[in-house]
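K.L.:
Chain by chain, the residues:
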Amino acid sequence: MTDKLTFDDFRARIGDVPTREYWRSLDELSRSEAFDEVLANEFPQQALPLQRGVDRRDFMKLMSASMALAGLAACNRPEQKIVPYVRQPENLVPGKPMYFATAMTLGGVATGVLAESHLGRPTKIEGNPDHPSSLGASDAFMQASILGLYDPDRAQVVYQLGEIRTWSEFVAALVPITNAAKTNGHGLRLLTQTITSPSLGAQIQQVLAMYPGMQWHQWEPVSRDNVREGLRMAFGAYVNAVYHFDKANVVVALDADFTSDGPGHLRYARDFASRRKVRRGTTSMNRLYSIDCGLNSTAAVADHRWAVKPSEVETWARALLAGGSGVGNANIAAIARDLQKNRGAAIVIAGEGQPPVVHALAMAINQQLGNVGSTVTITDPLEVQPVNELESLRQLVTDMNSGAVQALVMLGGNPVYDAPADFNFAEALKKVPFRAHLSHYYDETSMLSQWHIPETHYLETWGDARGHDGTVSIQQPLIAPLYNGRAACEVIGALLGGMDASPYDVVRSYWFSKGGNEQTWRQSLNDGVIANSALPPRGGAASANIPPPAARKEGNYELHIVPDPNIYDGRFANNGWLQELPKPQSKLCWENFAIVSPSTAKAIGFAEGERAALNNELATRRVKISYRGRDVVLPLWIVPGHPSGVVTVTLGYGRKNGGRIASPPDGSPIGADIYPMRFSDALGGGAGATIALTDEGAYMVACTQEHQSLNFSDTGGDREIIKRQTFGEAEKHEEEETNHQSMYPPFAYPLHAWAMVIDPSVCTGCNGCVVACQAENNIAIVGKKEVHRQREMHWLRIDRYFRGEPENPEIYHQPVPCMQCENAPCEPVCPVEATSHSGEGLNDMTYNRCVGTRYCSNNCPYKVRRFNFFHYSDYDTAAYKPMRNPDVTVRTRGVMEKCTYCVQRINEAKIDAERRGGDQRVRDGEVVTACQQACPTDAIVFGDMNDPKSRVAQLKKEPSNYGLLAELNTRPRTTYLAVVRNPNPEIRG
Amino acid sequence: MAEKEITPVHEVRPTTQELRIPARFIPSPTVEPGHTFASVTDHISSIVLRKKMPPSWWLLLGVGMLGMGLLSVAIVAIVGVGVGLWGINHPVGWGFDIVNFVWWIGIGHAGTLISAILLLLRQEWRTSINRFAEAMTLFAVAAAGLYPALHTGRPWYDYWLFPYPNTMVLWPQFRSPLMWDVFAVSTYATVSLLFWFVGLIPDLATLRDRASGRVARTIYGALALGWRGSAKHWYRYETAYLLLAGLSTPLVLSVHTIVSFDFAVSQIPGWHATFFPPYFVAGAVYAGFAMVLTLAIPARKIFKLEDFITMRHLENMGKVMLATGMIVFYSYVIEAFFAFYSGNTFERFMWTNRAFGPYKHMYVALLICNGLAPQLVWFKRIRTSPLGLFITAMFVNVGMWLERFVIIPTSLSRDFLPSSWGMYHGSIWDWAMYLGSMGLFLFLLALFIRFLPMISIFEMRTMLPGAEPHAEEEH
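Chains as they are written, first to last, in the working numbering: chain A, 2 to 990; chain B, 368 to 842.
Hints listed in this document are in silico derivations from the structure and should not be mistaken for laboratory results. Glycine included, C-beta positions come from ideal geometry on N, C-alpha and C. A hint or two may mislead.
Once the Cα atoms are required to be at most 25 Å apart in a straight line, the calculated SDA-like pairs of lysine to any residue come out as [unchecked claim]:
1) 727/B <-> 720/A
2) 786/A <-> 440/B
3) 554/A <-> 497/A
4) 248/A <-> 534/A
The following label-pair restraints were derived from C-beta to C-beta distances [what the hints assert, rightly or not]:
5) 686/B <-> 616/A: 20 to 28 Å
6) 727/A <-> 710/B: 21 to 29 Å
7) 530/B <-> 840/A: 22 to 30 Å
Which stretches of chain B does chain A cover? Using the computed rule of at least three CB atoms under 8 Å from a CB of chain A, they are [claimed, not checked]:
8) 402 to 411
9) 713 to 722
Isolated chain A (complex conformation) (with noise of 0.2 Å):
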């Protein structure tokens, strides 16, 4: 007789044991004879079939009971106390969703999120409002992340050799390499991404300690070595810059995209647009002058733009450095004169691609004008421990190939595809008897090491990492790993000889040793960040002594290597809702692209007359680039304002293992990959590359927006469409009251009337609004065919127009939401009021009542609406079920779509207003879209406009306010204000 339970201690049992785990915990317990015997003394009856074994009919039973309840153990939430965000209710209340704080690491650093989620199940990322990188903002990627968590192509258990394993089995075969490496670990490695997490990187401490001689090595393919590496060289040591846009009058930018690269991109573009926003009674307005080597976002938004080649921008930086003078150039004088007239009030910037010489140059410029401490603040490294990391693969692969390395874990990362083409990785790899590769994805690394353990994903797991200024979040998870991932700290757990490692623990443990307690833990999950734990300004000026400039190197086309706007080094590659978006500036989707400018492409023999030949907008020729005995074929796209004799081309397609979308089963590729050509010594490409048409037919590409320029000679005419500006010019108050009628009386909007003011002058067409409005919004996508045949789905879509010379054209950009007509041509022609009026102003959307005649996106003159032609949305892959927002009908095919102004955010702030009480208005900023709450430069104003304090209803006041295509008489709830561009009057043209 065993001992006596009494009910709490049982209670206490049932406590103890993890809910997702409840059958088996079940089973354990009946094992038990006290349970055995408590259950005869209080059920005889139901104890009899236990004790007899189970017989069919109750095995039956039984497995229908656990394949229904296996569906709710993905919903369950994490089982450590996670904390809310906002709001946190008694109960979970259904249909209320709750906000958590967390951070998603990018090239290991940090951005701050808020996730949503509903009912334990993340739906929808924003950016946190208290994260000093993010300040609410966010971007592409944050937006797709919670795709990328529902991925069913994701790893879902740890392989040996293409078996199943278990992740004890690979713990338990880590054993005999560890108990090696006691002695002597100089055999054992560790390769990982830059890391940032504290906790993590003390664990690898730990580690390193354990076992002496072993060694750590980092690689991120699109690394910061040069930032770093040209910081050191201005500061003698590894440093981190941080920037102040805000502060700045002057900004040049050489060849840096800051609004969306690099750590604090987001936090960089709401500084730098809080200065352009030019208002009534704006008295100063910013100047940005973009040296780039192709159009990106940045260069979109400067007042001056030159498009140089990437082996110029240095020639640059020095003109610049030595104040214009001595230089043929006059404009490089006049922006050395600018600057000068803004000392320390200025930024110099360069970008990553750029190498370290520039960086360098950049500071001793900023330090030369003094703004060193003031626009610039230099602190410790972000990263754990900075190397070199091209240096630190460098010396791996030589380990490797010398047969020093016994056993390599790789936590993260894919450097079988993506490490530089002269270090030959894979077939390094293939000589190192222990090989473990922890990742999200069954990749080209994974097929090639031993053991492949499925990573988890930012949303399922526990961590910390910093942010640009050296904030630390905590990365709480919202979910339980849907699959059996873990984390990497669990990897670095079972090196240290522990079975299971919880990240939960790790983290805790580590920040509670750092002088944590409950509360300020607390606090942390809640606020996202843990308070004051940004990096500290650190002295230190930047020298000005610069290498004598490296003889530049000439020949033929420079090929300029640079990571994809949409899927970064490749890591994103299968995640659709990115492989679909536009491309900032290109437009073009679902592949990458050899840009050129318009001469280079008349000098390989591609000029308007071969292309009009192929009759076929969406259309072009594939070229051959060969550069340094390596070859790639590449469809040629030519975009204007690209410097000429530069040929440039993204990383990340080509993948062969990464999933149904990035390497499709059929065999057919997603673009080509870059990886080859990209050789440790020149990471960013170089000069030597030779192009040549190939002498295929036309080749159909994906792309959303081709050909359209604002030229009149294009277009018939000026459209109006974009109002332009120059800062200072006497505001044109053009009082153009439209005297049209409408044949039907006007609508009344007794409460609310919803508006949006979009500013394109700080649009720098990032595309995170686009996919804001995709995730909150249950956009599908519709694959490269439908692009092609432009049916893309987006509700939001950013035109972008040129204007000027094709080689240095301005450039535009403008988002385009539903303008939410108060005449709405869309309304009347619908033969079934399918799409109707509100008395809040918006046009609303039936869906199940719509056949699908198209009328409406006919008469439409914005052409916003979005037809289903087929059946887009996916209602089969039950990994995607949950990610859908619950609040938004997920459409059928023959339904016409549209933005909605996220109407259900409206509705949830009317339930919160009314249930208020009061006037049971729904107040200013009760309200935010979900582009509005993306856009990093805060460039859509949604609200109420008959608040006549609201902030739209204020903008809308704006003499700068027109609306698009006002002379339609339509009336549109969206509009824009003028692009204002504040041009140095020194400089013409």
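Following the hints, position chain B against chain A.
P.N.:
Only chain B this time, still in chain A's reference frame:
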């Protein structure tokens, strides 16, 4: 034919000869001389009742059935998979579907015009072609009706376009031109069918009386609704027929006016024009007469109906075609004029884009087909040559299709915002539907020729001199 040897009972044009009017001014007769009541009845009813069908009829039927097969496949695909099989996209939401709809509806117009307006205007020459033209109208409307029904994204909900009491307590949107289309086209189809059927009753009785087979007798008998040819029947018949003609007359104008509203009521440059209703009606009559010519010329040859469908008919139809063709061409000119006269950027661009944009070949072809080709009809040699008229009519058929293409997808492809411009190309399924609808049309036509008298027998009899009440007395 034996009948030809019979001495005519009456000389057709005694007076004109006495006045010595030059022969070229004398219209050719509406019935060739030498026919009697019996010969007319025999000849026309024999096509239905006795004759083995000629190989060319079998060819027509075969082509029609092939087309029907294609159409069935296309319909199954479109309904089963989605309208995405067509070439439509954003911004071009309507392509072949609506182009073909308007084209077919336009073709139908000649039938109504011939049967109703020409009847009321007492243009007796219409008699030998009206049955044929009415049948063509019906079949064209049937082909046209396919498109609006299938062009919707969810065709199984098409019935929502009809105002019927429903649990959703929702009416259709009466402000929508598509709603008006539903009424216009369904009224048109109903009235045309009634008109055609009423006109058929006396002939169905004739067939009933002459049919030898039991089945044929039963069917024709049932369809003849007990017609005995009594004076009372004739009296009521004439009244009903005239009333229906009166009902149909406004339809000739209204249907295509309302179809044109689909475009004229919209905002799109190239659609939004006040002259669309007369322009479309003229275009419809133009297209309709071209199609009647296209069908009648081979038919009269194959079934040896030259005596009934004479050169006079062909010539008159040619003249109507020319006149309406000139109105259509005038509309093109006016369209261009207003594009520039308006001073509106979008309107001006609309026209330059048509003439010089990516679809310029279509526009040039349109001008050749609808502007130049009908001018040939000015020449009497062409006008009186079946081959010449046939070729001209073929140009017009193509031209009118091109016109709708130029109006619909071309205008949509480049409207207000250059960012949303795009190209439209018909896909293989667009062509399958188009060819399939032609197959349907030909199939129905073949059945009509086989089972119903393609020329109104009793009305032809009234054309004969013997039908003149006082014919005998004058002599």
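K.L.:
Compare the structure with each hint and give your call.
P.N.:
Consistency of the hints with the structure:
no.	hint	verdict
1	727/B <-> 720/A	22 Å, holds
2	786/A <-> 440/B	23 Å, holds
3	554/A <-> 497/A	49 Å, violated
4	248/A <-> 534/A	22 Å, holds
5	686/B <-> 616/A: 20 to 28 Å	41 Å, violated
6	727/A <-> 710/B: 21 to 29 Å	28 Å, holds
7	530/B <-> 840/A: 22 to 30 Å	25 Å, holds
8	402 to 411	violated (count 0)
9	713 to 722	holds (count 5)
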